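S.K.: Fit chains B and C to the known structure of chain A by using the hints.
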Amino acid sequence: MQALNLSEVASRVGGKLVGGEDPVITGLASIDDAGPGDLTFVNRHSRTDALDGCGAAAVLVGPEHEVELPAVRVDDPYGAFATLLELLQTDPDRLFPPLVHATAVVPADAVLGQGVAIGPYSVLGAGVVIGAGTRLGAHVILGCDSVVGKDCLIHSGVTVREGILIGDRVIVHSGAVIGSDGFGYLPGPEGIRKVPQVGIVEIQDQVEVGANVCIDRATTGRTVIGAGTKIDNQVQIGHNVILGKHCSLSAQTGIAGSSQLGDRVIAGGQVGVGDHIRIGADVRIGGQSGIIGDVPDGKTLFGTPALERGESFRLQAFLRKLPDLLQRVDRLEGSSPGSAAARTGEEE
Amino acid sequence: MQALNLSEVASRVGGKLVGGEDPVITGLASIDDAGPGDLTFVNRHSRTDALDGCGAAAVLVGPEHEVELPAVRVDDPYGAFATLLELLQTDPDRLFPPLVHATAVVPADAVLGQGVAIGPYSVLGAGVVIGAGTRLGAHVILGCDSVVGKDCLIHSGVTVREGILIGDRVIVHSGAVIGSDGFGYLPGPEGIRKVPQVGIVEIQDQVEVGANVCIDRATTGRTVIGAGTKIDNQVQIGHNVILGKHCSLSAQTGIAGSSQLGDRVIAGGQVGVGDHIRIGADVRIGGQSGIIGDVPDGKTLFGTPALERGESFRLQAFLRKLPDLLQRVDRLEGSSPGSAAARTGEEE
Amino acid sequence: MQALNLSEVASRVGGKLVGGEDPVITGLASIDDAGPGDLTFVNRHSRTDALDGCGAAAVLVGPEHEVELPAVRVDDPYGAFATLLELLQTDPDRLFPPLVHATAVVPADAVLGQGVAIGPYSVLGAGVVIGAGTRLGAHVILGCDSVVGKDCLIHSGVTVREGILIGDRVIVHSGAVIGSDGFGYLPGPEGIRKVPQVGIVEIQDQVEVGANVCIDRATTGRTVIGAGTKIDNQVQIGHNVILGKHCSLSAQTGIAGSSQLGDRVIAGGQVGVGDHIRIGADVRIGGQSGIIGDVPDGKTLFGTPALERGESFRLQAFLRKLPDLLQRVDRLEGSSPGSAAARTGEEE
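As given, the protein sequences belong to chains A, B and C, one line each in that order.
Residues in the first sequence are numbered from 215 upward in steps of one, following the working numbering.
Residues in the second sequence are numbered from 215 upward in steps of one, following the working numbering.
Residues in the third sequence are numbered from 215 upward in steps of one, following the working numbering.
Watch out, some of these pointers could steer you wrong.
One copy or any two copies: either way a pair holds, since identical chains are not told apart in the list.
Dumping the calculated BS3-like pairs for lysine-lysine here, alpha-carbon to alpha-carbon at most 27 Å [claimed, not checked]: (1) Lys-459 - Lys-230; (2) Lys-408 - Lys-459; (3) Lys-408 - Lys-364; (4) Lys-408 - Lys-513; (5) Lys-535 - Lys-459.
Calculated from the structure, these hints are not laboratory results.
Keep in mind that this is a model prediction, so the values were computed, not measured.
If we strip away everything but chain A, and leave its shape as in the complex, we get:
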């Protein structure tokens, strides 16, 4: 990054320079990695002794932190650090050269907004529409009649099937497949019979879709990803699923067909949600949990089948007492008036 004085850093993040020094900052790093020239940060509720032995030139701290290093005081140190990270992002013109590459297949009836960039060997189907400022990497495939909004980043190697709707400021990572057929079959006289999947996928504004994610098209109607929702790598979204707004699904989670999640649902990694399930708003689901029934708003769940998180951990703790409990019952039976052991005075 371009070198900055710490006082300039302070003004960029709306913070206050403390400690009297104004060193030159040439990099950004976590406490463990920080070396000369680096600015680091202390998490809002962390203790500052994590800084002991840290080689950073300066640190972003919260209102409650006292440190020896030159510092900038802000309300939210990690938020300020995130703002500064933008300075280190690779120039988008280097990542996505701002032109339509000569090898891109762009049919005559495609509609491209101003400033659309398309990388080498990308292929647009008939009738595709792309909004202004959207950039496609190399080897992106947009199926016929799909519509992509403004200022999106579609990374290299993404496949979008026909008729898909993508909103504005959406980011899709490499290897994601959007609009593949839902997994719908019927028993038939000659084995399993495929149900045609003729619906679409609607991805609303400011969604982020991780690498190698799959989002299936609806049987009829729409599979919907609500605005602002973030989907981590290798997540699977079944047909006719409706995700609310501002949800966050961690890696390898799977949502089976026709299930609905409310707004601001947070799921850890490898969560499984069965089909035709309704999950309320503001629900939090621990990693690897399995949801097999409806969930009201605001619950925090864990386990398979999932229980409220507290109960789940309490039962796990009780489970660990089971061997001891069994011994105690053996003993009770031994001393019970009706038992053979009690009659002969034996004890196990």
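M.R.: Frame of chain A, contents of chains B and C only:
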């Protein structure tokens, strides 16, 4: 879709017009989504009050249903609906233009059947054979000496490695990788040593392979996917696995190396099957279950390690009684003749 | 493969011909698949009656095995078999033709070592460096400024993002995505706010990365895959994860952000490791386990939340005794001096 009178719909699905009206049908939709002009359906065992407030023009019903809307009566309403969905499918000539695109790499010794379509930038290795009527999307890679049968649909972005055998009427979705090396290693003096994976994958007729699925080639011999089997997105099939015919594996399931599944096995999502395991025919496995031993024909399993489904749920119910049980044993010890509490008459 | 006499086989693997015969070997196969002309093997600790009815021409056996078939005796029969499998590998010049294909996009500032092969439609970003002897399949994308070492195999359809470092003799399978953005967000006034991910991924020498694997770039600094580590298909590695050397992660395992694994950690399939967790060296984790806390060196774990393997299985066994235990406590309460049942002499 092209507009149809309800009486025409009835004749297409072999049903009977009931209610005396013959409205024009212009679309197909689920009960929740249906609006003017739409035909919807009632599931075979559903109650018809789901139709209250439904805006559909007409409905497909079963023998036992009485409804107020114009209707077509059939034995299997969803089956009839699926038949009609075929009317809404995008013209395959629009999805897979019926030609070999000028940018496709087709070696001189490749053998293409009549009517084979190949999309832009697809790459065929030396010695590839493709049967009549098969269509490849854009960016499909067929490794050298692989053989694809007749009337297959290989969607954009599929990668097939060398020497793979694919039958007739197979569908493979985007991002699937068929024939990657099995995960086989040996301890060696300089760390882990790779075992060459020189076998192949055989995919039999009428299989469907989901998006981003991986099917590994065998170490020697074949990894086999039986005829009619359906594999959902992001499933992993290890080397030398043998899947029976007409199986159904839901998303994110993984089958480890050398395991065998009988015919008609149904696995929910995120199921894990360990290596070298034999699972009989007609076994049903609940979502997220983990199979660590052989399973006889016809079992229904759940949990990790998996038990028979009924027992698994019964034990979960018992587990929830454990805190109460512990209190009861505390009380029994308190009143037991030999206990200190009993001697002094105390109670906890 | 080229035909070999069994005596030649013996000399290639440093073994001893036993049985007096010297048949011609034309193939290699497992015991179940072996037919005329095939050489098979008996696992080191297996019983030789697995050979009953086997159609092989000859067999690789260990020091303790006595067999009737013509045989070669070695210390490690499967290791010797693996050595012979190399004879069956497809000629790399057929898999990866030894040239830079005319359609590959290679920028003027790319640096290619001697003998680099690049398949059709592969795309190199600005500033890419590739070491001698490395082969890229078709449709490989290397982001700008990424560096790939010597003698690597990057299979068709791999996507590497900008600035990634890959060592020597690394194998990456199709569909893998290396360097996608980490899943980092902050709550913000307008919903969830993306934290720029400006770090990189470092893949050390002799790593193997499976098909459709995702390895996220670090927020700052590096996500590291230690030398010799093997990663199976569909594994997810979060941002800032550090994997030790010679680890083995089976399919569909996920390691969440900032976690660290020591050397030689072995994880089964579908394992989940939470974020910011430290796992020691030589830890073994059973399939589907969920790790939610730090783990010292050398442990063997199973379950979610994971316990030591023995304890986990012991508790599962106790859990199955719970229904019986409940009955026993019912009975004890019936005969307890203070209970109504005891007073009246009833028994449940």
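S.K.: Pop the pair Lys-408 and Lys-364 into one bin, within, between, both or neither, using alpha-carbon distances up to 27 Å.
M.R.: For Lys-408 and Lys-364, the Cα distance is within 27 Å only across copies (18 Å; inside one copy 36 Å).
S.K.: Between copies, within a copy, both or neither: which fits Lys-535 and Lys-459 at Cα up to 27 Å?
M.R.: Answer is neither; intra-copy 42 Å and inter-copy 38 Å both fail.
S.K.: Quick one: Lys-408 to Lys-459, C-alpha cut-off 27 Å, is that within a copy, between copies, both, or neither?
M.R.: between (32 Å within a copy, 15 Å between copies)
S.K.: At most 27 Å between C-alpha atoms: does Lys-408 with Lys-513 qualify within a copy, between copies, both, or neither?
M.R.: between (37 Å within a copy, 25 Å between copies)
S.K.: Classify it for me, Lys-459 with Lys-230: is the Cα-Cα distance of at most 27 Å met within a copy, between copies, both or neither?
M.R.: neither (35 Å within a copy, 44 Å between copies)
In the structure shown, a violation is registered for the earlier hints numbered 1 and 5, in ascending order.
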